[in-house]
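According to our numbering, the sequence shown holds residues 1030 to 1143 in order.
Incorrect hints may appear among the rest.
[Claimed, not checked] Dumping the calculated SDA-like pairs for lysine to any residue here, alpha-carbon to alpha-carbon at most 25 Å:
{"#": "1", "residue 1": "K1085", "residue 2": "H1044"}
{"#": "2", "residue 1": "K1085", "residue 2": "H1109"}
{"#": "3", "residue 1": "K1085", "residue 2": "I1057"}
{"#": "4", "residue 1": "K1085", "residue 2": "W1067"}
{"#": "5", "residue 1": "K1085", "residue 2": "L1066"}
{"#": "6", "residue 1": "K1085", "residue 2": "Y1138"}
{"#": "7", "residue 1": "K1085", "residue 2": "P1033"}
{"#": "8", "residue 1": "K1085", "residue 2": "G1072"}
{"#": "9", "residue 1": "K1085", "residue 2": "F1098"}
{"#": "10", "residue 1": "K1085", "residue 2": "Q1118"}
{"#": "11", "residue 1": "K1085", "residue 2": "R1056"}
{"#": "12", "residue 1": "K1085", "residue 2": "V1048"}
[As the list claims (entries may be wrong)] What follows is a list of derived Cβ distance ranges for each label pair:
{"#": "13", "residue 1": "Q1118", "residue 2": "Q1082", "range": "16 to 22 Å"}
{"#": "14", "residue 1": "F1098", "residue 2": "Q1032", "range": "25 to 31 Å"}
{"#": "15", "residue 1": "M1043", "residue 2": "R1135", "range": "17 to 23 Å"}
{"#": "16", "residue 1": "R1036", "residue 2": "L1090", "range": "22 to 28 Å"}
{"#": "17", "residue 1": "V1059", "residue 2": "P1106", "range": "18 to 24 Å"}
{"#": "18", "residue 1": "K1085", "residue 2": "D1121", "range": "29 to 35 Å"}
{"#": "19", "residue 1": "H1058", "residue 2": "Q1118", "range": "15 to 21 Å"}
{"#": "20", "residue 1": "S1037", "residue 2": "P1074", "range": "19 to 25 Å"}
{"#": "21", "residue 1": "Y1035", "residue 2": "E1140", "range": "16 to 22 Å"}
{"#": "22", "residue 1": "Q1032", "residue 2": "P1106", "range": "31 to 37 Å"}
FYI, nobody ran anything at the bench for these hints, they're computed from the structure. The beta-carbon is built from N, C-alpha and C at its ideal position, and this holds for glycine as well.
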Amino acid sequence: NIQPYYRSRLEQAMHWLDVALDGTPYRIHVAEGAFFLWLWLEGLPVSSDVLYQRLKVRDTLVISGSHFFPTSGASWPHRHECLRISYAQAPDQVEQGIRIIGEEVRSAYAEGGA
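Let the hints inform the model, and build the full structure from the sequences given.
Right, dumping it as structure tokens:
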């Protein structure tokens, strides 16, 4: 059974997110058994698409939540405040990526979206 292995990886990733995002208004949607987490950055002053671009420049790939909402929800702020983060890579890569996510999220909140 592979489930305990990925449960352990999930718990590691959630711990790293707790450290990297401590003090920021974030939430993690309930993990439903996949190899990724949904990170909700409430009140994020930049769109998740902008955050994606900032992370991509730093070789950290996530998926902007805006790609998962129908166009009818275009004005709903939540669709621009979420990232999908995979934790299937090697633990050291996941930890480094989450650290970079934390840095960019803190920067975005500090800049107020500038």
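Structure-based check of each hint:
1. The hinted pair formed by K1085 and H1044 meets the criterion: a straight-line CA distance of about 23 Å does not exceed 25 Å.
2. At roughly 17 Å between alpha-carbon atoms, K1085 and H1109 fall within 25 Å of each other, so this suggested pair holds.
3. Taking the CA atoms of K1085 and I1057, the gap is about 21 Å. The hint holds against a cut of 25 Å.
4. Straight-line distance between C-alpha atoms of K1085 and W1067 comes to about 18 Å, which keeps the hinted pair within the 25 Å bound.
5. For the proposed pair K1085 and L1066, the alpha carbon gap of about 18 Å is at most 25 Å, so the pair holds.
6. For the hint pairing K1085 with Y1138, the CA-to-CA distance comes to about 18 Å; that is within 25 Å, so the pair holds.
7. Taken as a hint, the K1085 and P1033 pair is broken in the structure, with Cα atoms around 31 Å apart against an allowance of 25 Å.
8. The straight-line distance between the Cα atoms of K1085 and G1072 is roughly 21 Å, inside the 25 Å bound, and the hint therefore holds.
9. Distance restraint check for K1085 and F1098: the Cα-Cα separation of roughly 21 Å lies within the 25 Å cut-off, and the hinted pair is therefore satisfied.
10. For the suggested pair K1085 and Q1118, the alpha carbons sit about 16 Å apart, so the restraint of at most 25 Å is met.
11. For the hint linking K1085 to R1056, the alpha-carbon distance of about 22 Å falls within 25 Å, and the restraint holds.
12. With a CA separation close to 21 Å, the supplied pair K1085 and V1048 stays within the 25 Å bound.
13. Checked against the given bound of 16 to 22 Å, the beta carbons of Q1118 and Q1082, roughly 20 Å apart, stay inside it.
14. The supplied range of 25 to 31 Å is met by F1098 and Q1032, whose beta-carbon atoms lie about 29 Å from each other.
15. At about 18 Å, the beta-carbon gap between M1043 and R1135 stays in the expected band of 17 to 23 Å.
16. The given range of 22 to 28 Å is respected by R1036 and L1090, whose C-beta atoms sit roughly 23 Å from each other.
17. Between V1059 and P1106 the C-beta distance comes to about 20 Å, which sits within the given range of 18 to 24 Å.
18. Taking the beta carbon of each, K1085 and D1121 are about 20 Å apart, not inside 29 to 35 Å as hinted.
19. Taking the beta carbon of each, H1058 and Q1118 are about 20 Å apart, inside 15 to 21 Å as hinted.
20. A C-beta distance of roughly 34 Å is found between S1037 and P1074, which places it outside the suggested range of 19 to 25 Å.
21. A hinted range of 16 to 22 Å is violated for the C-beta pair Y1035 and E1140, which are about 35 Å apart.
22. For the hinted restraint 31 to 37 Å between Q1032 and P1106, the CB-CB distance of approximately 34 Å keeps it satisfied.
Figure legend: structure checked against the earlier numbered hints; hints not met, in rising order: 7, 18, 20, 21.
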